[in-house]
Each structure stands twice: as C-alpha cells, then as structure tokens.
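Participant: Now for the letters of each chain:
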Amino acid sequence: MGGMWAVFRRELGAYFNQPVAYVVITAYLLICGWFFTSNLFLAGQAEVRGFLQMAPLMLVFFLPALSMRLLAEEWKNGTMELLVTLPLRDRDVVLGKFLAVFAVFAVAQGLTLLYPITVGILGHPDVGQMVAGYTGLLLTGAAFAAIGLLASALTSSQVVAFILGFFVCFGLYIMGSALSLVPSVLLPLFEFISVDGHLANFSKGVVDLRDVLYFGSVVVLCLAATVNALQGRRWGR
Amino acid sequence: MIQVESLHKHFGTTRAVDGLDFQVATGQVVGLLGPNGAGKTTTMKMLTCYLPPTSGVARVGGIDVVENPLEVRRQVGYLPENVPLYDDMGVIDYLDFVARARGLSAAERGPAIEKSAGRCGLEPVLHRNINELSKGFRQRLGLAQAIVHEPKLLILDEPTTGLDPNQIVEIRALIRELGQEKTVVLSTHILPEVEAVCDRVLIMHQGGIVADGSPAELHHRFQGAQELDITVSGVAAHALKKALSDLSGVEQVSFAEGQQAQDDDGVSCQITAPGDVDLRADIFGLCVDNGWVLLEQRRRVVSLEQIFRQLTRGEAAPTVPEPTEAAAGETL
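Chains as they are written, first to last, in this note's numbering: chain A, 1 to 237; chain B, 238 to 569.
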C-alpha cells in the first residue's frame with residue numbers, strides 16, 4: 001500500500017510540475033463554462049443539465065489526454081526499468097497511477113461545482129438530480145481514465161496511446177446513439193455496453209446500482225488488463 | 238550472495254544468455270566484462286527481476302528471482318544502463334519517491350536520503366531539477382537512488398559510460414568505497430575499469446562465461462607469450478639477430494622499420510618468447526660477454542585487453558600479441 005501512495009504522489013507531482021494538468025483543466029473548464037453560460041444567459045434557464053449532458057463528450061477527449069503519458073512515457077524513457085525493479089507490486093503501480101489521473105480529473109470536476117452553486121443562488125434547482133449527475137460524471141471519468149491508462153500501457157508512444165484511448169472511449173460513448181444500426185439480436189448487448197444508457201439514468205436523478213456496477217467493472221477490467229499488459233510486455237519477450 | 242545455475246534467456250531465436258553458471262560471494266566486487274551483445278545486461282536484468290529467465294535458476298541472497306521477486310528487489314540496488322530518471326522531478330523529490338517506494342518510514346527517509354546523497358556528492362544539486370543535471374550528476378543520482386535503502390547487493394550496468402575522465406575516476410572511487418561493505422556486480426567493456434575496481438572478473442561471450450578469476454589470475458593463466466623490447470649499441474643488426482636467435486627460448490627476433498642499420502642510439506629489436514621463461518638475465522649476459530652495451534630492455538606480458546580480445550573473438554587461447562595491440566593495450 002505504501003508503494004501505491006508513493007506512485008500516486010509522484011504522478012500527481014508530475015501532472016502539476018508540467019503544464020499538462022493546467023492546460024487540460026483550463027481547456028475543460030473553458031468548454032464546460034461555455035455550455036453552462038450559454039444555457040444560463042441565452043436560454044435563460046438556471047440549470048446544469050446542458051452542461052451535464054455535454055460533459056461526457058468532453059471526457060472522451062480529456063481523460064485519454066491526461067492518462068496518455070502515465071505508462072507510455074515510462075516505456076519510452078526507460079524509467080519503467082527502475083520503476084518495476086523497486087519492490088512494488090505491479091498492481092500498486094497501476095492503482096497509484098490510476099488514482100493520480102482520477103485525482104486530477106476530480107479537481108477539474110470539482111472546479112465546475114461553481115455552476116451548480118451559481119444556479120442554486122439564482123433559482124431552485126433539483127439538488128438530488130445534480131448530485132446524481134455529478135456522480136455519473138465522476139464514474140464515467142473513472143472508466144475513461146482506466147481505458148486511457150490501459151492504452152498507455154500498450155505502447156511507448158503517447159500519441160498512439162491517446163488515439164487508442166480516445167477511440168475506445170468515443171466508441172463506448174457513441175454506441176448508444178448508433179443503436180438503430182445494430183441487428184436486433186445484439187441490441188441488448190450493445191445497450192448494456194454503451195456508456196450512454198447508463199449515464200442517462202444518472203442525469204434523470206436515478207443512481208441505480210446496476211449503472212454503478214457497470215462503470216465499476218469497466219474500471220476493474222481495464223486496470224486488471226493494464227497489470228497484465230505490464231507483465232506481458234516484460235515477461236512475454 | 239548470488240547463485241546462478243544454467244541460466245538461459247532467449248529472445249525468439251536469439252540466445253542472449255545461454256547456460257550461465259556462476260556464484261558471487263558476499264562482499265565481492267565482480268566485473269562482468271564482454272563485448273556488446275555478450276549478455277551482460279540481460280543477466281543483470283534477470284538478477285533484478287526485470288526480465289524472467291527462460292530456464293535455469295538465479296538466486297540473490299538465497300531467494301529465487303522468479304519465486305519471490307519482491308524480496309529480491311528489496312535486497313538489490315540497481316543502476317540501469319543510460320540511467321533512466323524522471324526528468325520532471327527535483328533531485329530530492331526523486332530520492333524521496335524511491336525511499337517511499339522502498340518502504341522506508343518517515344523517520345528513516347530523511348537520514349537515508351541525506352546519507353546516500355552525501356556519499357554520492359550530490360549536495361550542490363540537491364535543489365535542482367533532474368533535467369538540469371550534467372551527465373556526471375545524473376550518474377551520481379542514479380547511484381544514490383540505488384543505495385538509499387542500504388541494499389546488500391548493488392547491480393550497476395555500465396556505470397561510467399559517457400562520463401569524462403575525471404568523472405570516471407570519481408565514480409570508480411565511489412564504487413570501490415561502496416564495495417567495501419556491499420556486494421557489487423558491475424558490467425563494463427572498459428578494461429582498465431575492471432582492473433581498477435574489481436576483485437574478480439567474469440568475461441562473457443555469446444551468453445556464457447569464458448573466463449573467471451581475479452585480474453591477476455587471468456594475467457597469469459593467459460600468459461601465453463611475452464615480448465621483450467631491447468636496444469643494444471656496439472653491434473650490427475645482423476650479428477645481434479644471429480646471437481639472439483641462438484639463445485634458448487627465443488622464438489623470433491624482429492626489427493622495427495628503419496632500424497636495420499646501426500646508429501648512435503643503438504639497434505632496437507623485439508624478441509618473442511614463451512610466457513614461462515625469463516630471458517632478461519640471458520640477454521644481459523650475452524651483451525656483457527660480447528662487450529655490447531645494453532641501453533634498454535623491457536618485458537611486456539599479455540594484457541587483460543589482449544586476453545579479452547582473444548577470448549571474445551572465439552579463439553582457443555591467446556597467442557603472440559601483435560605489437561600494435563600491445564601498444565593499444567597500455568593506453569586508455
């Protein structure tokens with residue numbers, strides 16, 4: 001466990017010692033801010049639903065961008081060799097890195113709490129719905145972070161890691177809108193896999209255990225696959 | 238400290254390490270010597286649990302690297318080739334990270350970092366960023382992170398590559414100092430380094446060990462031939478050659494270019510003889526008997542570099558060293 005926190009601290013430091021975290025967080029907040037304020041000022045609606053609906057699409061882009069360097073950079077610079085010859089379990093390394101990228105995302109997401117607070121001052125929003133919406137976003141972010149981390153384990157190129165992570169996240173996201181193209185036999189499967197359907201419940205204000213389990217299993221599966229990929233790249237060759 | 242038994246590592250069809258057997262006792266400073274591709278780095282990567290062996294056994298401190306890699310890693314400090322470090326971190330932050338990851342408690346970390354940084358001479362750069370460090374300081378930081386947890390075994394892969402001559406001397410002194418209390422395995426292809434630092438040399442070639450012993454033992458064992466350079470005045474070249482050739486034990490007498498004629502500096506020639514006879518007294522006697530003046534006499538035995546070159550070119554035993562090689566062997 002100590003090893004996991006050592007990795008977590010180092011990764012968090014790496015995000016904030018380099019411009020990465022600042023650039024990604026700023027861009028995220030600017031775009032989120034646009035969706036929120038356009039709703040507030042142009043449509044005159046004191047609510048966060050517009051922002052909550054657009055945010056997952058942005059996460060498709062931002063989380064792979066945040067997580068692309070986590071392991072790809074270690075492969076590229078050779079620091080992987082020192083990292084894995086420390087007395088750390090591979091799962092401590094993977095968990096520490098995952099928690100670091102999730103923490104950066106949580107900070108960005110936390111900064112958007114300004115919007116619900118503004119809305120709360122201006123009107124009478126449904127608090128439960130907002131809490132559920134935020135929970136859904138955090139879970140989506142966790143799932144996409146795990147996917148991005150897995151992509152980063154598979155290659156030593158950050159660009160490839162980003163594109164790979166982006167496509168998987170985007171695929172999961174778009175699947176819900178493309179259901180009409182799917183043969184009816186496979187429909188339930190696709191519905192289950194797509195992020196959209198699970199997220200829809202949250203934005204309605206419903207926190208269903210099944211949806212939580214869905215995101216949880218994406219995270220666990222991807223992290224386990226990342227541990228495997230780490231071992232495979234060393235032990236396989 | 239280290240037991241390696243019929244260790245193999247194959248990459249596809251390439252046999253990087255092919256049936257390696259050796260043991261290292263506690264406290265030894267062992268140099269793995271060999272050309273690039275001999276399997277030195279691969280061997281070290283297996284000992285540090287970075288790569289798994291294809292077959293065979295490797296134990297560090299009695300612990301198998303496959304069965305209990307975490308425990309092995311706890312006992313080992315490792316400096317990989319090219320010293321990969323996190324460029325985005327500060328020097329202190331990096332040492333702190335390694336100390337934490339190595340499980341040192343909060344109370345132990347401060348003194349441990351201070352001690353290892355002090356031993357490696359990192360004080361002037363403690364508050365710098367790693368990407369600002371010179372190559373020499375990077376190497377020192379690499380060593381400092383390897384000893385922060387006081388390991389019993391230090392594994393250093395080409396610790397002096399890319400350093401300038403002053404830095405090389407400093408790093409070697411540091412390794413010698415560390416070797417007084419720890420077992421050290423280092424790899425290199427720089428021969429004087431082995432002679433300067435190591436108690437024992439393992440010469441590797443094509444994934445196996447072709448020679449094992451202290452630098453002095455290897456000299457002794459492979460002393461297949463010797464060369465004598467002499468300069469004599471008061472005699473013509475052909476007469477000298479004839480007289481020398483008649484001495485028992487002399488195999489060959491050769492003159493350097495342009496040295497056939499006698500001049501004021503005398504005649505210089507090179508004598509080749511088997512390694513186990515000493516001709517120096519005989520040559521002196523010969524000169525005295527004939528009234529010649531022996532101006533210069535120097536014996537050259539086969540150097541470690543020649544042993545290395547002979548062994549790693551796949552020849553059975555060193556033969557007569559070529560003069561040009563002998564000259565090269567003394568430099569660097």
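Just so you know, the hints here were simulated from the structure itself, not pulled from any lab data.
A hint or two may mislead.
Listed next, the stretches of chain A that the computed footprint assigns to chain B, with coverage defined by at least 3 CB atoms under 8 Å from CB atoms of chain B [unchecked claim]:
| hint | stretch |
| --- | --- |
| 1 | 1 to 7 |
| 2 | 121 to 132 |
| 3 | 211 to 219 |
On the chain A side, residues computed to face chain B include the following (Cβ under 7 Å) [claimed, not checked]:
| hint | residue |
| --- | --- |
| 4 | Asn17 |
| 5 | Gln18 |
| 6 | Ile31 |
| 7 | Ser38 |
| 8 | Glu73 |
| 9 | Gly78 |
| 10 | Thr79 |
Keep in mind the model is a prediction, meaning the values are calculated, not measured.
For each residue, glycine too, the CB sits at the ideal point set by N, CA and C.
Participant: Now, for every hint given, state plainly whether the structure supports it.
Facilitator: Hint by hint, here is what the structure shows:
1. 1 to 7: It holds, with 5 qualifying residues against the three required.
2. 121 to 132: violated (count 0)
3. 211 to 219: violated (count 0)
4. Asn17: holds (5 Å)
5. Gln18: It holds, given that the least Cβ distance between glutamine 18 (chain A) and chain B is near 5 Å, below 7 Å.
6. Ile31: violated (26 Å)
7. Ser38: violated (37 Å)
8. Glu73: violated (9 Å)
9. Gly78: OK, holds: glycine 78 (chain A) within 7 Å of chain B, min 4 Å.
10. Thr79: Check passed: Cβ of threonine 79 (chain A) comes within 4 Å of chain B, closer than 7 Å.
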